[in-house]
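*Asks:* Using the sequences and the hints, build the whole thing.
For reference, the chains in residue letters:
2 protein chains.
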Amino acid sequence: MALIVQKYGGTSVANPECIGIVADRIIRTRQQGHDIVVVVSAMSGETNRLLSLAKEINPDPDPREVDVLLATGEQVTIALLSMALHARGFKACSFTGSQVHILTDSAHNKARIKKIDGQRVRQALEDKAIVVVAGFQGVDEQGNITTLGRGGSDTSAVALAAALKADECQIYTDVDGVYTTDPRVVPDARRLDTLTYEEMLEMASLGAKVLQIRSVEFAQKYQVKLRVASTFSEEGGTLITDENESKKMENVVISGIAFNRDEAKLTILGVPDHPGIAHAILGPIADANIEVDMIIQNIGRDGTTDFTFTVHRNDYKSALKILQDVAEQLEAREVLGDDNIVKVSLVGVGMRSHAGIADEMFRLLAEKDINIQMISTSEIKVSVILHEHQLDTAVQVLHEGFGLGRPD
Amino acid sequence: MALIVQKYGGTSVANPECIGIVADRIIRTRQQGHDIVVVVSAMSGETNRLLSLAKEINPDPDPREVDVLLATGEQVTIALLSMALHARGFKACSFTGSQVHILTDSAHNKARIKKIDGQRVRQALEDKAIVVVAGFQGVDEQGNITTLGRGGSDTSAVALAAALKADECQIYTDVDGVYTTDPRVVPDARRLDTLTYEEMLEMASLGAKVLQIRSVEFAQKYQVKLRVASTFSEEGGTLITDENESKKMENVVISGIAFNRDEAKLTILGVPDHPGIAHAILGPIADANIEVDMIIQNIGRDGTTDFTFTVHRNDYKSALKILQDVAEQLEAREVLGDDNIVKVSLVGVGMRSHAGIADEMFRLLAEKDINIQMISTSEIKVSVILHEHQLDTAVQVLHEGFGLGRPD
Chain A
1163 MALIVQKYGG
1173 TSVANPECIG
1183 IVADRIIRTR
1193 QQGHDIVVVV
1203 SAMSGETNRL
1213 LSLAKEINPD
1223 PDPREVDVLL
1233 ATGEQVTIAL
1243 LSMALHARGF
1253 KACSFTGSQV
1263 HILTDSAHNK
1273 ARIKKIDGQR
1283 VRQALEDKAI
1293 VVVAGFQGVD
1303 EQGNITTLGR
1313 GGSDTSAVAL
1323 AAALKADECQ
1333 IYTDVDGVYT
1343 TDPRVVPDAR
1353 RLDTLTYEEM
1363 LEMASLGAKV
1373 LQIRSVEFAQ
1383 KYQVKLRVAS
1393 TFSEEGGTLI
1403 TDENESKKME
1413 NVVISGIAFN
1423 RDEAKLTILG
1433 VPDHPGIAHA
1443 ILGPIADANI
1453 EVDMIIQNIG
1463 RDGTTDFTFT
1473 VHRNDYKSAL
1483 KILQDVAEQL
1493 EAREVLGDDN
1503 IVKVSLVGVG
1513 MRSHAGIADE
1523 MFRLLAEKDI
1533 NIQMISTSEI
1543 KVSVILHEHQ
1553 LDTAVQVLHE
1563 GFGLGRPD
Chain F
1163 MALIVQKYGG
1173 TSVANPECIG
1183 IVADRIIRTR
1193 QQGHDIVVVV
1203 SAMSGETNRL
1213 LSLAKEINPD
1223 PDPREVDVLL
1233 ATGEQVTIAL
1243 LSMALHARGF
1253 KACSFTGSQV
1263 HILTDSAHNK
1273 ARIKKIDGQR
1283 VRQALEDKAI
1293 VVVAGFQGVD
1303 EQGNITTLGR
1313 GGSDTSAVAL
1323 AAALKADECQ
1333 IYTDVDGVYT
1343 TDPRVVPDAR
1353 RLDTLTYEEM
1363 LEMASLGAKV
1373 LQIRSVEFAQ
1383 KYQVKLRVAS
1393 TFSEEGGTLI
1403 TDENESKKME
1413 NVVISGIAFN
1423 RDEAKLTILG
1433 VPDHPGIAHA
1443 ILGPIADANI
1453 EVDMIIQNIG
1463 RDGTTDFTFT
1473 VHRNDYKSAL
1483 KILQDVAEQL
1493 EAREVLGDDN
1503 IVKVSLVGVG
1513 MRSHAGIADE
1523 MFRLLAEKDI
1533 NIQMISTSEI
1543 KVSVILHEHQ
1553 LDTAVQVLHE
1563 GFGLGRPD
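Line order of the protein sequences matches chains A and F. Here this note's numbering is used: the first residue of the first sequence is 1163, the next is one more, and so on. Here this note's numbering is used: the first residue of the second sequence is 1163, the next is one more, and so on.
In case anyone wonders, no lab produced these hints; they're calculated from the structure. Misleading hints may appear alongside valid ones.
Copies of one chain are not kept apart here, so a pair can be met inside one copy or by any two copies together.
To be verified - Computed cross-link-like contacts, SDA-like style, restricted to lysine to any residue with a CA-CA straight-line distance of at most 20 Å:
1) Lys1479 - Tyr1341
2) Lys1530 - Glu1541
3) Lys1253 - Pro1225
4) Lys1483 - Glu1453
5) Lys1290 - Arg1250
6) Lys1253 - Arg1226
7) Lys1217 - Phe1252
8) Lys1290 - Gln1304
9) Lys1290 - Asn1306
10) Lys1277 - Gly1305
11) Lys1217 - Asp1186
12) Lys1217 - Ile1183
13) Lys1277 - Tyr1341
14) Lys1290 - Gly1311
15) Lys1217 - Pro1178
16) Lys1290 - Thr1191
17) Lys1217 - His1248
18) Lys1253 - His1270
19) Lys1217 - Asn1502
20) Lys1253 - Gly1305
21) Lys1327 - Val1337
22) Lys1290 - Thr1173
23) Lys1276 - Gln1304
*Replies:* Spelled out as structure tokens, the structure:
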């Protein structure tokens, strides 16, 4: 008998019928003899409904009161799901974040979990109840209701699994696992049985939006086995765990190909090549709350250097304006920008011990006449910046070239 | 500077526009220099919306989970009202029932308040905030969310006023006070400036549904001054207080005429006149959870007696059936019933010291050829049962005969 934490998102509990399907799935796991803690989000649409009520009343609502308001969303779901489990003859008991003492800091709307006292949950499990907990919410030391920010329910589930030392934390969503790449681009894309935390972090940060990055970090830190699966199918999903366990089962170099269509690049040419220049360029960007993704600076020539970085396309125009001011101050030669680029990345822990992966990637792209504008690498990934028109071809050729498709 | 508790019901906070009107009214009181604690209900319609979601999932939902579900209704309102106060430049802070420790017993859906720890509210008041508290809800000693049952927000407000020793508890609703009788029956009906707790209790129990009976009892017990006023008008409303204060201001014998159209009467004729007979008749009725209102038994004759009582019209048929079984067992002569009756009552603490009020009532009714079927009296009221066709005439003649109309 294991202790399983299951998390169901907003689309999985969108209406009474969906809630019934979720209840049935929980019961199937229960009937295998496991103890179960369920974490749920608000019914999809509810958070937006509440926020628009708030905006009608106050265009700039107080973050503390926004949390009081939004926390009702999950509270409705825990009650309804418990009722659905009762209707099927199973003992169940709901708890808000405050009732199970999900203690957070006081950063309303984006609180971080500090501690979970699992006592109340353990007691309910001993009473043979299925425990249903409101995700996304907690309580600070003064007893104020807090929320973890959008997607925070994944983090709630992982944190509860860590606190309770659960055997597995299962995240149910509308996809049935993590794929080698987006099946809309490569129809042959294959669902991965296992993946390491680091690979999942790279995949997630590169636009494979299956799990919240925070929740994966949390799972890695506390060594919680994470499984991503679909609420509406019986497939086993993808298990995310540490390297040793993952690679025992699957012996591959590359796990997947991630990509991100939302990138834009900015280059400042001919800046003086001296210490502090990177900060002089990126400081004003950071001050404007613009997040920077890739940063590339090559060796200088003739006392000057060129500096390139990428930002989200939504931030392209404001970043460009800031960079032009910076260029003037630094007496740089020129500022260039391009918001028609994409990033494509090979991800896999196997890369660490295999030379030549990057080179093979460049060869495959060259064969298709795809020009690589920028390159950046980490221990477990190689990312390239390409023109957006070449995204699909690039992903397809890499997916096939690295043998990621379904076995024939 | 006084401490005022204000309570606004569901129709007063039905939508963002109404919430804005409520915020404006709170601020007017605030600007008179008072400390304010506001108690609010769920937006009208919300409780029914939530209950119908629950019924879709489970026709017989667990009372504990119903409370978790329904408590979200008021939680939404406290957040929105606080935001509306902020938007107008005023400091405000919301609290759920659990956050201000409205401690109740564990009788879910109909919990009773045991204790309120006013510490958190006092602290917020000291911080110069308008305090907004969720009505209708509390928390039991195990930390479970409880609700007080429909209309419980009035009770929350009075209980908070008692705990905080507030100077006045103002209940805002869609009528602007308590009237001498229903203005739809007597257009000349007059709003009362003051009323005693006892009079209000008689008026409320007789169908003048302005305040929940429980909240009036609570106010009387803790000597909380209650004021009933309209959210949407600037009239001063009706102040409900104890006898001495009330009668200092107003020297009248009769305060109002209450009536109830929902009555039905049942009579069992010729039952043996011996001890225990009332219990033999009413026991089975009580066992069927039927509430009995008036009970009349006159002196017996020839060793038998007649026994009459009234019930809500909805319970008439089942009560009649039970009474027929009882009659058979007791070998009673006959069972009679009538569900076309109404009850009309004169209410007033002044009656205690004025003989002849009942007689004057009977004289006025006789003049209009109205037949009195039953009579029952208490210290501060005289009730008569009449045929329903005579209700309006009876109320009008009594209202005029006792001089309750507006002064010329």
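*Asks:* Against this structure, judge whether each hint is valid.
*Replies:* Structure-based check of each hint:
1. Neither within a single protomer nor between protomers do Lys1479 and Tyr1341 lie at most 20 Å apart by alpha-carbon distance, with minima of 33 Å and 66 Å respectively.
2. Taking CA atoms no more than 20 Å apart as the test, Lys1530 paired with Glu1541 passes in neither setting, with 26 Å inside one copy and 100 Å between copies.
3. With identical chains, the CA atoms of Lys1253 and Pro1225 are at most 20 Å apart between copies only, with a shortest distance of 14 Å across copies and 36 Å within one.
4. Taking the shortest Cα distances, Lys1483 and Glu1453 sit within 20 Å of each other inside one copy (15 Å), while across copies they are farther apart (77 Å).
5. In the homo-oligomer, the alpha carbons of Lys1290 and Arg1250 lie at most 20 Å apart inside one protomer (15 Å), although the nearest pairing across protomers, at 50 Å, exceeds that limit.
6. In this assembly of identical chains, the alpha carbons of Lys1253 and Arg1226 lie at most 20 Å apart only when taken from different copies (13 Å versus 34 Å within one copy).
7. Proximity of Lys1217 and Phe1252 under a CA criterion of 20 Å is satisfied inter-copy only: 17 Å between copies versus 40 Å inside one chain copy.
8. Taking the shortest Cα distances, Lys1290 and Gln1304 sit within 20 Å of each other only across copies (18 Å), while inside one copy they are farther apart (32 Å).
9. Taking the shortest alpha-carbon separations for Lys1290 and Asn1306, only the inter-copy value of 18 Å comes in at or below 20 Å, while the best intra-copy value is 30 Å.
10. For a Cα distance limit of 20 Å, the shortest separation of Lys1277 from Gly1305 qualifies both inside one copy, at 14 Å, and across copies, at 19 Å.
11. Proximity of Lys1217 to Asp1186 under the C-alpha cut-off of 20 Å is restricted to the inter-copy arrangement: shortest distance 18 Å between copies versus 37 Å within a copy.
12. Taking the shortest alpha-carbon separations for Lys1217 and Ile1183, only the inter-copy value of 16 Å comes in at or below 20 Å, while the best intra-copy value is 33 Å.
13. Taking the shortest Cα distances, Lys1277 and Tyr1341 never come within 20 Å of each other, neither inside one copy (33 Å) nor across copies (56 Å).
14. For a Cα distance limit of 20 Å, the shortest separation of Lys1290 from Gly1311 qualifies neither inside one copy, at 32 Å, nor across copies, at 29 Å.
15. Taking identical chains as interchangeable, the C-alpha atoms of Lys1217 and Pro1178 lie at most 20 Å apart only when they sit on different chains, with a minimum of 10 Å there against 28 Å within one chain.
16. In this assembly of identical chains, the alpha carbons of Lys1290 and Thr1191 lie at most 20 Å apart only when taken from the same copy (14 Å versus 52 Å across copies).
17. In this assembly of identical chains, the alpha carbons of Lys1217 and His1248 lie at most 20 Å apart only when taken from different copies (12 Å versus 37 Å within one copy).
18. In this assembly of identical chains, Lys1253 and His1270 lie within 20 Å of each other by CA distance solely across copies; the values are 17 Å between and 34 Å within a copy.
19. Within a single copy, Lys1217 and Asn1502 get their C-alpha atoms no closer than 34 Å, and across copies no closer than 52 Å, so neither meets the 20 Å cut-off.
20. Proximity of Lys1253 to Gly1305 under the C-alpha cut-off of 20 Å is restricted to the inter-copy arrangement: shortest distance 19 Å between copies versus 29 Å within a copy.
21. Taking the closest pair of Cα atoms, Lys1327 and Val1337 never come within 20 Å of each other, the shortest separation being 26 Å inside a single copy and 57 Å across copies.
22. Taking the closest pair of Cα atoms, Lys1290 and Thr1173 never come within 20 Å of each other, the shortest separation being 28 Å inside a single copy and 42 Å across copies.
23. Proximity of Lys1276 to Gln1304 under the C-alpha cut-off of 20 Å is restricted to the intra-copy arrangement: shortest distance 14 Å within a copy versus 23 Å between copies.
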